[in-house]
Amino acid sequence: MIKKFTVLLAIIFIVTNVIAQENVSDSVDTESSDSSVEQNETNKSDALSSPEKENSSSTSQDVESSDIVVTASKMETDIKSVAVPISVFSNERINNSGVATSSEVLAGDSSLYVAKNGGIGGLSSLFLGGAPSNAASVMIDGFRINDITQPSGGFNYSLLNFFGVKQVEVVKGAQSTLYGTDALSGVINVVTNDYSEEDGVKIIGEYSNEKTHDERVAVSEKGERGYLNLNFSHYYSNAYSKADSQKYSGDELENDSDRIYNFLGKGGFALTDTILTEAVCYYSKNDIEVDEGAYQDYSDQKNISEMSFAGAKIIFEPTEKFSLNTKVSYTVVSRIIDNDDGSYGAYYGEFYGTKKFVESNMSLGLGKFNKILIGADFSSEDFESGDSYSKFNKKDVYSYSAFGSNNLEIKDVLYFQLGGRYYKNELSGSTFTYQAALSLQFPSNTVLKGSVSTGYKAPTIYQLYDKTYGNEKLDSEKTFTATAGIEQAIGKKFQLGNEYFYMKYDDMIVSNSSTYVFEMAGGNVKIHQVTFYGKYLYNKKEYLSVKYSYLNAEYKDTEKKLERRPKHKVGTELFKKLTGSTSLYVTYIYNSKRYDDKDNTDSKKLCSYHLVNLKGQYEYSEMISGYVRVENLLNEKYQEVYGYAVPGTELFGGVEVKF
Amino acid sequence: MQFKLIFTISFLLSVLTHLIVLGSIVLFSNWEDKDILTQNMIFRMTVASEKIAKPKIYDEDKLMSSSKSNGSNSNQEPNNSIDSTAVKKYISEFAKNYPPAYPVFCRRNSIEGYVLLKITFVVGSSNPIIVAEKYSGSKLFINAALKAAEQWDYSFAGNLSRNISISQKIIFSLN
Numbered sequence: 205m206i207k208k209f210t211v212l213l214a215i216i217f218i219v220t221n222v223i224a225q226e227n228v229s230d231s232v233d234t235e236s237s238d239s240s241v242e243q244n245e246t247n248k249s250d251a252l253s254s255p256e257k258e259n260s261s262s263t264s265q266d267v268e269s270s271d272i273v274v275t276a277s278k279m280e281t282d283i284k285s286v287a288v289p290i291s292v293f294s295n296e297r298i299n300n301s302g303v304a305t306s307s308e309v310l311a312g313d314s315s316l317y318v319a320k321n322g323g324i325g326g327l328s329s330l331f332l333g334g335a336p337s338n339a340a341s342v343m344i345d346g347f348r349i350n351d352i353t354q355p356s357g358g359f360n361y362s363l364l365n366f367f368g369v370k371q372v373e374v375v376k377g378a379q380s381t382l383y384g385t386d387a388l389s390g391v392i393n394v395v396t397n398d399y400s401e402e403d404g405v406k407i408i409g410e411y412s413n414e415k416t417h418d419e420r421v422a423v424s425e426k427g428e429r430g431y432l433n434l435n436f437s438h439y440y441s442n443a444y445s446k447a448d449s450q451k452y453s454g455d456e457l458e459n460d461s462d463r464i465y466n467f468l469g470k471g472g473f474a475l476t477d478t479i480l481t482e483a484v485c486y487y488s489k490n491d492i493e494v495d496e497g498a499y500q501d502y503s504d505q506k507n508i509s510e511m512s513f514a515g516a517k518i519i520f521e522p523t524e525k526f527s528l529n530t531k532v533s534y535t536v537v538s539r540i541i542d543n544d545d546g547s548y549g550a551y552y553g554e555f556y557g558t559k560k561f562v563e564s565n566m567s568l569g570l571g572k573f574n575k576i577l578i579g580a581d582f583s584s585e586d587f588e589s590g591d592s593y594s595k596f597n598k599k600d601v602y603s604y605s606a607f608g609s610n611n612l613e614i615k616d617v618l619y620f621q622l623g624g625r626y627y628k629n630e631l632s633g634s635t636f637t638y639q640a641a642l643s644l645q646f647p648s649n650t651v652l653k654g655s656v657s658t659g660y661k662a663p664t665i666y667q668l669y670d671k672t673y674g675n676e677k678l679d680s681e682k683t684f685t686a687t688a689g690i691e692q693a694i695g696k697k698f699q700l701g702n703e704y705f706y707m708k709y710d711d712m713i714v715s716n717s718s719t720y721v722f723e724m725a726g727g728n729v730k731i732h733q734v735t736f737y738g739k740y741l742y743n744k745k746e747y748l749s750v751k752y753s754y755l756n757a758e759y760k761d762t763e764k765k766l767e768r769r770p771k772h773k774v775g776t777e778l779f780k781k782l783t784g785s786t787s788l789y790v791t792y793i794y795n796s797k798r799y800d801d802k803d804n805t806d807s808k809k810l811c812s813y814h815l816v817n818l819k820g821q822y823e824y825s826e827m828i829s830g831y832v833r834v835e836n837l838l839n840e841k842y843q844e845v846y847g848y849a850v851p852g853t854e855l856f857g858g859v860e861v862k863f
Numbered sequence: 003m004q005f006k007l008i009f010t011i012s013f014l015l016s017v018l019t020h021l022i023v024l025g026s027i028v029l030f031s032n033w034e035d036k037d038i039l040t041q042n043m044i045f046r047m048t049v050a051s052e053k054i055a056k057p058k059i060y061d062e063d064k065l066m067s068s069s070k071s072n073g074s075n076s077n078q079e080p081n082n083s084i085d086s087t088a089v090k091k092y093i094s095e096f097a098k099n100y101p102p103a104y105p106v107f108c109r110r111n112s113i114e115g116y117v118l119l120k121i122t123f124v125v126g127s128s129n130p131i132i133v134a135e136k137y138s139g140s141k142l143f144i145n146a147a148l149k150a151a152e153q154w155d156y157s158f159a160g161n162l163s164r165n166i167s168i169s170q171k172i173i174f175s176l177n
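Protein sequences, first through last, are from chains A and B.
Numbering-wise, our numbering puts 573 at position 369 of the first sequence, and it's gapless, one number per residue.
Numbering-wise, our numbering puts 117 at position 115 of the second sequence, and it's gapless, one number per residue.
Quick caveat, the hints were computed from the structure, so don't treat them as lab data.
Just so it is clear, CB atoms sit at the ideal spot from N, CA and C, and this is done for glycine as well.
Treat the hints with care, since some could be wrong.
Some chain B residues near chain A, calculated using beta-carbon distances under 10 Å [claimed, not checked]:
id : residue
1  : V124
2  : F158
3  : A159
Pairs of lysine-lysine residues, derived as BS3-like cross-links and limited to a Cα-Cα distance of at most 27 Å, are as follows [claimed, not checked]:
id : chain 1 : residue 1 : chain 2 : residue 2
4  : A       : K370      : B       : K141
5  : A       : K730      : A       : K802
6  : A       : K615      : B       : K98
7  : A       : K697      : A       : K730
8  : B       : K141      : A       : K730
9  : B       : K98       : A       : K517
10 : B       : K136      : A       : K517
11 : A       : K744      : A       : K802
12 : B       : K98       : A       : K426
13 : A       : K708      : A       : K696
14 : B       : K149      : A       : K426
15 : A       : K572      : B       : K98
16 : B       : K136      : A       : K572
17 : A       : K862      : A       : K370
18 : A       : K862      : A       : K744
19 : A       : K506      : A       : K517
20 : A       : K615      : A       : K572
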């Protein structure tokens, strides 16, 4: 398989290079365009000068805010240099869609697979590159927020909202060297709005034909030494039953309510010209009615999940080439499942968890091209079950690690990253992970990328201490990943590329098939994913993108496919201005058939579906705009999780006011 | 208790690591690397500690000959004095070679701007009066520009025969 793919990569590389050579004139155009940007920059500098001719000196630094990502190397890096597969969901792209819930936004990318128990508030899993749902590290501004109360340490994406976000960066390939535990298959980092957000107030309100409504308010204020952004959103739906209507006659079904609150706040303040402090906090409350899908439609049970997170950073940066960062965070998560009156029903549980984290790292530029990053972190987690059927009392576990990474970046030529991390967990012993990544940029606008890395995930407190199923002898789960890719720009408007992602588990925690006790099972999962993508830019803001992913994810021992991942997935996006004040945004997602369980039972095969969403927006003035959007235009009846229905066609109308 | 112990050890280890690296920077300061690190950080660290002399880009002979070559000015000023054009030129050299550090808040948030410094030399004093006359972007630029200007070498001011006041613009821009 790998050999075949290598040959395929080589062929694509040759073909794309031939195409690029034929478009040399376009490339020249690109360069001259860059020059004009520099000219504009010069003009901007001139504009800063006063009319009199005076002596002047400028302090210049290479920063391109629009093309900078931070997740791939834990430092600001030009996206062109990044050597690992990365998907960026910009603020603009999220605003264009009109949707801010993370599952809906991320599902638009063909290399990410989302499975949700019904509607917008339902338990939501994401399989990054096809890997298990607990194999990705979810972060807000570099702080890990994985749910401590989930038995396997996954994350419920219904708790994550992208309103007030600058961009979301999804990096594929194990990232434990930079980000520690959980980054087995990659990282999803939510970069929140900062000083770049415009001053003022933004209010968005929308209402649907199913009486679903969503209200969002953002307030931003910035001064010469600091800024503050506050974002609040509320969502409510009581439109349909999440239980699959095909399993019931109409009388047994009731509409289920989903109510979600989100708050995101971020502030930054310059203590001196070399010391900067930043603080971010996030709160999410998800109050939904519990359905057990194909099995029962409970009428009086609900699931309330809450997550509160606060993080702070102090950055000492006397020059662009030296930075000392210290950051601390505190996260509290709770999950309560009970009846409306507080009594226990068919399903119950009360789970509480907290996590404390402190990290100090330092980046240092050595010479013109080399940057090193070293650091150490410490974290402590505790977890308890609050119900009367508790199987264990409050338990905690701590871990610490030290890491280092060397980044060699010669702009527009090559980027090389080599790093390692030593990790020690109180119970599961020590682990060493490494990461090596290389990208080569050719004058023909071709970029070759490749990386190899290892990842680890510490066992959860539940896996360690549960009195019935826990096992204190568990070790960390470990993975090996490899990525490769080619990107080719053709002229100024076309971008083509492909990427390959390979992942295998070396050590895995599984539940024993007869005793259900957690145990180490060696490596039993192998994943190959190939993605092709193309993007046509009408101009800087308008675009058409198409992305296709092929996935082969299977259990080695049984050769069965991993559940809920389609073999083929397509994601396309179009954003186009129709007139000066009207715009159209359309997404199309195709998911092929997939199984819902490990045994690949035919009766639980989930059907393929085509999902089309669109949004038309009219800007009445700079202050007021209105929009109409349609979700599931084709009224597809499909399921992402067996037994859980999803809403049919829903029409929304919304207004956006800025002042 | 265990948490506090581990936290303390981690913190001390972290501080120790940082001290080792900072020490390495000072040791490696002999590198002939004209990057910002050596230009700014080492320069400012060493000047602050006053253990190493300020870098000498001021050349008295060149300054004098430069003054003499300025025909019109030489008529107005005594032969052995330094004229304002020459002073401007040397201040400009300092501004180019030892620019202020870009304030971290501004760099990370892509804030650009400028500061117009007025540097006044008074006869008999080698310490000029430096004030910021105008600025744009952020007040943080003022502090950065003043800090940098205070580190420049003004030893030539002792040779001045009359008061001189010059303007020096410092532009903070991100390319």
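A quick look at each hint next to the structure:
no. : hint                 : in the structure
1   : V124                 : violated, 20 Å
2   : F158                 : violated, 16 Å
3   : A159                 : violated, 17 Å
4   : K370(A) with K141(B) : holds, 25 Å
5   : K730(A) with K802(A) : holds, 14 Å
6   : K615(A) with K98(B)  : holds, 24 Å
7   : K697(A) with K730(A) : violated, 37 Å
8   : K141(B) with K730(A) : violated, 55 Å
9   : K98(B) with K517(A)  : violated, 33 Å
10  : K136(B) with K517(A) : violated, 32 Å
11  : K744(A) with K802(A) : violated, 45 Å
12  : K98(B) with K426(A)  : violated, 31 Å
13  : K708(A) with K696(A) : violated, 38 Å
14  : K149(B) with K426(A) : holds, 25 Å
15  : K572(A) with K98(B)  : holds, 18 Å
16  : K136(B) with K572(A) : violated, 33 Å
17  : K862(A) with K370(A) : holds, 17 Å
18  : K862(A) with K744(A) : holds, 23 Å
19  : K506(A) with K517(A) : violated, 37 Å
20  : K615(A) with K572(A) : holds, 10 Å
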